[in-house]
Amino acid sequence: STQTISNITEKVIEKAKEWQIRPLEKIYPIIFMDATVLKIRVDRVVKNIACYIMLGVTLEGKKEIIGIWIGENETSKYWLTVLNDIKKRGVDDVLIFAIDGLNGFSEAISAVYPKAEIQRCIVHQIRNSLKFVSWKDRKGVAKDLKAVYTALDEESAQLSLTDFNDIWGKKYPNITASWQTHWAELSTFFKYPETVRKLIYTTNPIESLNATIKRKTKSKGSFPTQASAFKVMYLSTQEQQEKWNANSIRSWYEIYPQLSIFFSEIMSKYTK
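Sequential numbering from 1 applies to the sequence shown in this note's numbering.
Pairs of lysine-lysine residues, derived as DSS-like cross-links and limited to a Cα-Cα distance of at most 25 Å, are as follows:
#, residue 1, residue 2
1, Lys136, Lys170
2, Lys77, Lys115
3, Lys243, Lys11
4, Lys62, Lys214
Please keep in mind that the hints were generated in silico from the structure rather than gathered at the bench.
Using the sequences and the hints, build the whole thing.
Below you can see the structure in the form of structure tokens.
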């Protein structure tokens, strides 16, 4: 009956709200942040609304979905609220944030977690770089950009970026300019060995989660309210969380000691 469906829905929303304010771990070595877009009815008009998911990696190398935030504009002030929220829920330290270049997020991270490193997603950067490249040049531009992010170290990467600019700079000056502007956050992963690099250079771990949500929501067209969208996202993430609970991240036994050395001051607080 309609009443039964309504009662079940209310129970789910109650659980989702409790989950969103639950206590968190004191430290997450790595946190991924990414957005997916859903169609939600706002003031009788269906709009594309950004929905943000934060995914943490625990000291044991387990993936944990930290929270879901829907429908705010990307500003430093908003991200400050989000980060203060997870701090209030118990997160004292984060070693590395892997993000997709969300507006204002870097400034907020620096304010709340000043010792954290920031790695901007290389895959997002490549997509943005290729967005306005003509079809006949795409293969060549992609190949020459690959030399930048697959370089052995940061110095070699900068030389490759200079070579890229020599070849493509006149035709596509915006590409080099974008890489140079965001270089500090694009090049963070060069500090670390291969196993750590592979984990943090892209927000792929969270993108696969977003792809799952897209599949679940595709048939619905649009959501009548933000609450209904939040409910479906919550159920989708919990289903994925159960699958993740059984396994740690691949090569975590190599990654953990590396992070313990690079972030010895912070990690020493959590070493038994």
